[in-house]
Amino acid sequence: MRVTSLDLANFRNYAALHFEPPGGVCVLLGANAQGKSNLLEALSLLATGKSFRAAREADLVAEGTPLARIAARVHRAGGDVTAGCFITRVGEGARKRFVRNGRTVAYAHFLGTLAAVTFLPSDLHVVGGPPALRRRFLNAALAQCDRTYYRHHAAYTKVILQKNALLKSAAPDEKLLATYNAQLADSGSQIIGARAAYVRKLAAAAREVHARWVGPQPELGVRYLPNPTLPDGDESPGTVFAQLEKALAASASAEMLRRSALVGPHRDDMALELGGVALERYGSQGQQRTALLALKAAEYQLLAQAAGEPPLLLLDDVLSELDAQRRHAFMLSIEDCEQVFVTATDAPETLPRTATTVYEIRAGTVRRAPAAAAS
Amino acid sequence: MEYLAGPLSALIGELEKLPTIGPKTAARLAFYILSAPAEEAQALCRAILDVKDKVRFCSRCFSLTEDDPCAICRDPRRDGSKLCVVAEAKDVYAIERTASFRGRYHVLGGLISPMEGVGVDKLHIAELVQRVPAEGIQEVIVATNPNAEGESTALYVARILAPLAVTVTRLAYGLPIGGELDYADEVTLSRALEGRRPLS
Ligand SMILES: Nc1ncnc2c1ncn2[C@@H]1O[C@H](COP(=O)(O)OP(=O)(O)O)[C@@H](O)[C@H]1O
Ligand SMILES: [Mg+2]
Ligand SMILES: [Zn+2]
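Protein chains in written order, with this note's numbering: chain A, -14 to 360; chain C, 26 to 225.
Calculated directly from the structure, the hints in this document are not laboratory data.
Please read all numbers here as calculations on a predicted model, not as lab measurements.
The beta carbon of each residue, even a glycine, is placed where N, CA and C say it ideally should be.
Some hints could be false.
Here are the in silico distance ranges between beta carbons for each label pair [what the hints assert, rightly or not]:
#1 A:E306 to C:I202: 29 to 35 Å
#2 A:P216 to C:P188: 30 to 36 Å
#3 A:G260 to C:P188: 55 to 61 Å
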């Protein structure tokens, strides 16, 4: 799939943008703080429903304006679709409204209109960084592959916030705690089931890509580490539910003591290993980067399968962090991609692809670069 | 607004405080009131004062009423075996407008949300637990919103009433009338499937 037009109004530093990106590799060139990442953020938001960096969604709306709009026309194998998002300031926060083919739709129905794999500098810390980064990786990937996942995850997150607030109150009502735990067992077991199935496919694909690059040994291992742990490989919904329910009950007194929700998929992690040993402890930086690229290439393959066609690829400032050989190997592994957006501050090296178009980004404007810069 | 007569700008200022009323609308309303017959202005004043003076909470169901207990609680033709639990008094009016429920109501006064400091003890839940056996209620229908807090509150009410001999039901989730199947999200659709009913 590819985006054939993108319109931004009062989105971050874009007052008004109409951009018709070509297929192939689209290089966004510009000095710092000109709006390169903002443009990728807008595209990514249409795919995942969330900003890849805003802590406060109100920050997406251009300063001094009440409403931001993102609208894209997407060329897909089955025909063109339009995807839009309106972000309105509401008090300190913001509200989003999603539009598909001109109709306002529930977010769960909007998901899947545009599919994109995003690669950010912070992704380099998926290996070795805190577990929250690996959960974020799983959430962004899964929400696009499986629409019901997003709903379960949103429901789970709301109840966790309420449960934590309850545990911090003076005398937590036990029946209310039991109510929250029942809800958490419901949505939490759905999350664990979906993550387990996804990581199994991700592991197989990443292992294969990795072996193609560095040979069969040492083998890349990706394992899901659910909280609570599951009895050997049994991921059937009934077992997961029972296991989570049991773990919630067993940790009830510890949770009361610590005044915080200790058990459940909000504490999940993913183990990354090379030849059976932890990658972040024993792998060199080069090995870690290669493993991460294999993981991203695998994410790309799985999303292409789920979407029925290759998704967009959004690369924000990461290619420059990689050496030429790794960059080349990665680009080859996603060769079927119809459209790639790459940001860079310097003139980019040519990528191993045919069509490359260079645009200059300056203070929220996009202009086709003169031929010299594009060479 | 020094160019406006004092009382007029005072009225505009008061109207502006109302929700959804901006300065333009406030000015339009103020000029309308100024040009309207005196009786109309007096009726409006009286209605506003009466709301503050005479409307209070029903001591049985916590809905809004002029006389306590409220008309619904007093009405002998109401089916006393069925009790509909709602979050707010305005929900009573929403259900009454359908004219398809003939039981009585219980207004909780909000939804449970520890994040916003609304614990169980801030709502009329203890009173509900007393009413059910005292009034011989056989079915409690929980009609809270299908959002996160509404769901938790409904489940909590069901849990707290479980020891009593009463059936607790929840409003069915369904498809919006006039909507299209193909545009419903998966969760709505699967809930509607769960709540399906026989046609014959
Ligand atoms: N809500 C906003 N309103 C106006 N400008 C914004 C807003 N959010 C970010 N910006 C501006 O966007 C610029 C950063 O854009 P970004 O895309 O991150 O830069 P880069 O080109 O380095 O990737 C900064 O100049 C910042 O002031
Ligand atoms: Mg940037
Ligand atoms: Zn009453």
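Query raised in the report: Going through the earlier hints one by one, which of them does the structure break, listed in rising order?
Result: 1
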